[in-house]
Amino acid sequence: MKQELFVQSRWMDGNGPEADTVISSRVRVARNIEGIPFPYLASDEQTAAVQEQVARTVADSEDHFSQFCYQRIAEMSRQEKQVLVEKHLISPFLSREAHNGAVLLRRDEAVSILINEEDHLRIQAILPGLQLEEAWQEANLYDDLLEQSINYAFDECYGYLTACPTNVGTGLRASVMLHLPALIMTNKINRLLGALSQVGLAVRGLYGEGTEIIGNLVQVSNQITLGLPEEEILRNLYGITRQIIEQEQQARQALLNSSRIRVADRSWRALGLLHYARIMSSQEAMQLLSDVRLGYDLGIITGLDRKLLNELLVIIRPACLQLLAGKVLSVEERNLERPLQIRNKLSRFKEAV
Amino acid sequence: MVCQECGKEEANIFIAKIINGKKMEIHLCERCAREKEEFDITFEPQFTLHNFFGGLLQENVRSSGEQVRAAKIQCPKCALTFAQFCQIGRLGCSSCFAAFGAKLQPLLKRIHGSARHIGKAPRRSQEAILVKRDLERLKEEMQQAVLKEEFEEAAKIRDRIRALEKDLEQGGKRT
Numbered sequence: 001m002k003q004e005l006f007v008q009s010r011w012m013d014g015n016g017p018e019a020d021t022v023i024s025s026r027v028r029v030a031r032n033i034e035g036i037p038f039p040y041l042a043s044d045e046q047t048a049a050v051q052e053q054v055a056r057t058v059a060d061s062e063d064h065f066s067q068f069c070y071q072r073i074a075e076m077s078r079q080e081k082q083v084l085v086e087k088h089l090i091s092p093f094l095s096r097e098a099h100n101g102a103v104l105l106r107r108d109e110a111v112s113i114l115i116n117e118e119d120h121l122r123i124q125a126i127l128p129g130l131q132l133e134e135a136w137q138e139a140n141l142y143d144d145l146l147e148q149s150i151n152y153a154f155d156e157c158y159g160y161l162t163a164c165p166t167n168v169g170t171g172l173r174a175s176v177m178l179h180l181p182a183l184i185m186t187n188k189i190n191r192l193l194g195a196l197s198q199v200g201l202a203v204r205g206l207y208g209e210g211t212e213i214i215g216n217l218v219q220v221s222n223q224i225t226l227g228l229p230e231e232e233i234l235r236n237l238y239g240i241t242r243q244i245i246e247q248e249q250q251a252r253q254a255l256l257n258s259s260r261i262r263v264a265d266r267s268w269r270a271l272g273l274l275h276y277a278r279i280m281s282s283q284e285a286m287q288l289l290s291d292v293r294l295g296y297d298l299g300i301i302t303g304l305d306r307k308l309l310n311e312l313l314v315i316i317r318p319a320c321l322q323l324l325a326g327k328v329l330s331v332e333e334r335n336l337e338r339p340l341q342i343r344n345k346l347s348r349f350k351e352a353v
Numbered sequence: 001m002v003c004q005e006c007g008k009e010e011a012n013i014f015i016a017k018i019i020n021g022k023k024m025e026i027h028l029c030e031r032c033a034r035e036k037e038e039f040d041i042t043f044e045p046q047f048t049l050h051n052f053f054g055g056l057l058q059e060n061v062r063s064s065g066e067q068v069r070a071a072k073i074q075c076p077k078c079a080l081t082f083a084q085f086c087q088i089g090r091l092g093c094s095s096c097f098a099a100f101g102a103k104l105q106p107l108l109k110r111i112h113g114s115a116r117h118i119g120k121a122p123r124r125s126q127e128a129i130l131v132k133r134d135l136e137r138l139k140e141e142m143q144q145a146v147l148k149e150e151f152e153e154a155a156k157i158r159d160r161i162r163a164l165e166k167d168l169e170q171g172g173k174r175t
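The listed protein sequences correspond, in order, to chains A and B.
Numbered according to the working numbering, the first sequence spans residues 1 to 353.
Numbered according to the working numbering, the second sequence spans residues 1 to 175.
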């Protein structure tokens, strides 16, 4: 059964706690099956066996998995895979895994189980706003269900065994996607980012490892997975996130106090460009969306909502654009299609000018 | 060199990737590199985490003789050698952890600040761990009983040990 590609992902709802700074919270656990080499060393038969074990478990606990659909990566088009990456539901790594890669996706797109990624299983939950604990509970629930019939590779000393030593132990990677325009505008971000690496947290761009910060979106995640219980890993990230939120709010307030009219001008101009421009790169669109979002969060622009802003964040990406257009587009063609799709979305809203 | 993507422009961007342990080199012109970056998102940085493992690990090995010996350690299950692990930065299977054990510990300590898991455990393993602890305790008790020449008691304990060992073989479930 195929999931309709433009079903809303739950994280796009934009209604979680601290939604004015935290776009989404994500938790994933890495798990492997005892007795089968990790995917990159496994034979096709062995990775197929991983798929079978998962399929059997899903069939056995039908009640819990009735809301999931199962998709083999090899059977998806390049666009379809890329759309799932752009919605943060599968990793870029899995999208390239043509052999026996697969994904079990819950209908609300809050939970996805990646099969034969770097590890046999990656159980991921992604929710709107600051909901790390809730996301962990979701992932943990499916981990418990899968462990009933799957014999995980686990060691008394090292914990859950994973292909990469950086995931060993809890196998837990928790992250928050933050929108930090004021800290970036006021050049306070570098000091903050430096401090984060000292407390064992990593900072990345929108699409994870190796991606740059665009649209003032910053992803913060834990580095340490071994030697701390899950609750503490989550608590650490939560605590630091709260501090970042605090600083961002202070910077926003300072901006308002010192240059309210400039901030307002910037936000309204951005909205104007989104409404009327005819050629737009994704980089420009991301920056404009950030400016509009800040205006919305500060109460300068009304009549929009966060769900719209989150949707726009996704539909301006290359694969989503091509899917909406129904054809393959070159970079230049995408830059023409992008404003069209943005206008289409915005036309349903009337901001109070 | 000409760009591998368009075959027209001069390639001035060079990307090295390690996929499935094989090193791949890609030469692109600026335009194609940008296009690739926008579409694939995962325009891989030239310095990825696993490149660092080699360096991290080598520091733990003092003499070159020791280094050569360490490199030859091989996992009996998946045949990955320690040298390959250093290069790829990925373990091959769950048995690699035992095979590379002593060499792996310092690396894990450096990455995580600890080499001992204290979080969640699968229920199955939890039970096995408890059974193992019981076994250790019973063996101790049996020794004590023998020392005190309470042979009847020692035989009883021995039977319990055998039963537990049988359970452990059958996947850690208590019968």
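To be clear, the hints were calculated from the coordinates, so they are not data collected in a lab.
This structure is a prediction, so every number in the text was calculated from the model and none was measured.
Among the hints, erroneous ones may be present.
[To be verified] Some chain A residues close to chain B (C-beta under 8 Å, calculated; not the full set):
(1) S43
(2) S61
(3) F65
(4) E156
(5) T166
(6) A202
(7) V203
(8) T225
Virtual Cβ for every residue (Gly too), placed ideally from N, Cα, C.
request  = Output the numbers, in ascending order, of every earlier hint that fails for this structure.
outcome  = 1, 2, 3, 6, 7
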